[in-house]
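**Student:** Following the hints, put chain B in place on chain E, whose structure we already have.
2 protein chains.
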Amino acid sequence: MQTLFVELGERRYPIFIGHTLDASSLLAPYIKAKQVMIVTNTTVAALYLEKYTLQFEQLGKSVATCILPDGEKYKDFGHLHLIFDALLQAGFNRDCTIVALGGGVIGDMAGYAAASFQRGVNFIQIPTTLLSQVDSSVGGKTGINHPLGKNMIGAFKQPEAVIADMAVLDTLPPRELSAGMAEVIKYALLCDAEFLLWLEQNMSKLMAGDADLLAQAVYRCCAHKARIVANDETEKGERALLNLGHTFGHAIESYLGYGTWLHGEAVATGMVMAAELSARQGWIDTVDVQRIQQIILAANLPIVSPAIPLEQFLNYMSHDKKVLDGQLRLILLKQLGKAVITNEFDQNALIAAIQAHQQAA
Amino acid sequence: MQTLFVELGERRYPIFIGHTLDASSLLAPYIKAKQVMIVTNTTVAALYLEKYTLQFEQLGKSVATCILPDGEKYKDFGHLHLIFDALLQAGFNRDCTIVALGGGVIGDMAGYAAASFQRGVNFIQIPTTLLSQVDSSVGGKTGINHPLGKNMIGAFKQPEAVIADMAVLDTLPPRELSAGMAEVIKYALLCDAEFLLWLEQNMSKLMAGDADLLAQAVYRCCAHKARIVANDETEKGERALLNLGHTFGHAIESYLGYGTWLHGEAVATGMVMAAELSARQGWIDTVDVQRIQQIILAANLPIVSPAIPLEQFLNYMSHDKKVLDGQLRLILLKQLGKAVITNEFDQNALIAAIQAHQQAA
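Chains as they are written, first to last, in UniProt numbering: chain E, 1 to 361; chain B, 1 to 361.
Treat identical chains as interchangeable: a pair holds within one or across any two.
Below, computed lysine-lysine pairings styled on BS3-like, alpha-carbon distance capped at 27 Å:
#, residue 1, residue 2
1, Lys32, Lys322
2, Lys322, Lys338
3, Lys236, Lys322
4, Lys322, Lys34
5, Lys236, Lys32
6, Lys236, Lys34
Calculated directly from the structure, the hints in this document are not laboratory data.
So here's chain E without its partners, still in its complex pose (with noise of 0.2 Å):
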């Protein structure tokens, strides 16, 4: 097992990475009070959820369950307040925890209902696909979509402990363990050219599940997060570059609807496009966007979307939190391994960009 701590202060926190971790004991001193709230959807729930219930029993804990449907179209409004309820009718008082067991939607529902209820509970996350252990289970950024944007509404909460078990992984989808890898990927480019390398040497067997190969690129990830956040936690300059692919992705993901490509899925064509923009900027070389495409699609993951009406793509780009006094900014590659923040890109070759990756109309 690796321990990382993201250095926040009073607010530092411990990753721990391994395999079949033993949660009890790992999470005993970061459990302060009796009542435990385990949030979970009913996938999760069938394979894990006696597991963790038990090794809350055994600190001790009164526990109660929350489970939702699965899927990122229940991340709104009403499912956020099933939560509430579930705390509220069973007595949960401002010293509870709330624990995230699931992936990246019930990690920041379950987040963003204890950075809410009695305006602030504690908060552990048991994150259960690859997606949420290199990513959105690291940083504190929680939320639920609106029907006019996705992430709109949320809070910046830092758990007081995560653990990224790779056992959990044994059960995830294959579909879901590429979605996992986009966002492997993404740190490559932005920040990690040497990371990419040895992504490119060893895909075939992340893909194949090989465990300790898993541990690693979890770690590096999270490594990678954790400097990033600790830098900048609430998203002034730095933390953005994380969203690579993501304004694009954010487009593609509400032209759909939530939930019909999965976020790894749409992140990855749009970092696709995203590239391709680098290169029309003359930043990167066609070749890098090529390298781009291969590692991308070793992963099993999409490089064009559906066809998608220019206006509504930029609409819904324009939605984007990184838009500040009008001006839509996107993060771009100036080279493999070196991401930027910019709204000085020329508006044609966004279209163009766009247009290159998605399927004929």
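**Tutor:** Just chain B, lined up with the frame of chain E:
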């Protein structure tokens, strides 16, 4: 005009207190970007929306508005969502500013919306009731009600600035002025015995709307609150003292349905119950309880609640945010001007204190 700063490090902010203040020049340094959303209610909109819209437009801002129905019973998820709808329909971004123009309910909702929209945007408070000027607009507590408990969902969100203009109190209904006076009296009881004397001497002029005396009272209350909040922003300790009377009061409000009694009315009766329990613990004299009842009556506030079945009353109290590991904690008086938070009270004395200040069933 007097300016008071709430000292919260990088979140330090000013409260401007005076008569007929120029919001435009006072707020200019605190609104960075162009988009301003004024959140208000139907009652306040009719009186002040045009005036403040003009003041923001003078600053070159692009002003949108969200007008909610007036009343505590609308402080819920559905109406919070209307603010998000308005923000997204107007295309507002992360650099926008949300202005709360109204009383405590508007401040709580607009503040929680500002905490949550895009994970946090700028926030300005223009409180239009005495209650919100002396209490709810200072210190960053925001939130909404849940059918199972008041203020159960929310966030700590500090504003960039607060404008407390006595001019708006001219249009305040007498019942609302009284409700605000309950919180003014609260500060005297919990930490300022000299102020209690001042209030006893000046209550009739205050209730007649003397603007100079009101400004003095608002300044004194805000100074107390600013000091307490600076010491304990997220209510780990001392800040809980500001809840004197509130646990009892919340039970009354919850039982009657939010909005039947005004919050200040419920707090007034709650303070009498807290004083009664303090006397039964032998900490203050029955003479002190009488003095508290007299100042509350002088502010035209109730000192007895309607009949509420005891079990329900205690059950509502048990949902309080100050409950820790199953233990109810109350703010009680060790002497006039000195409150403590404690779980050391006799359960029978608590019941007797409640029953002594209820109408016969």
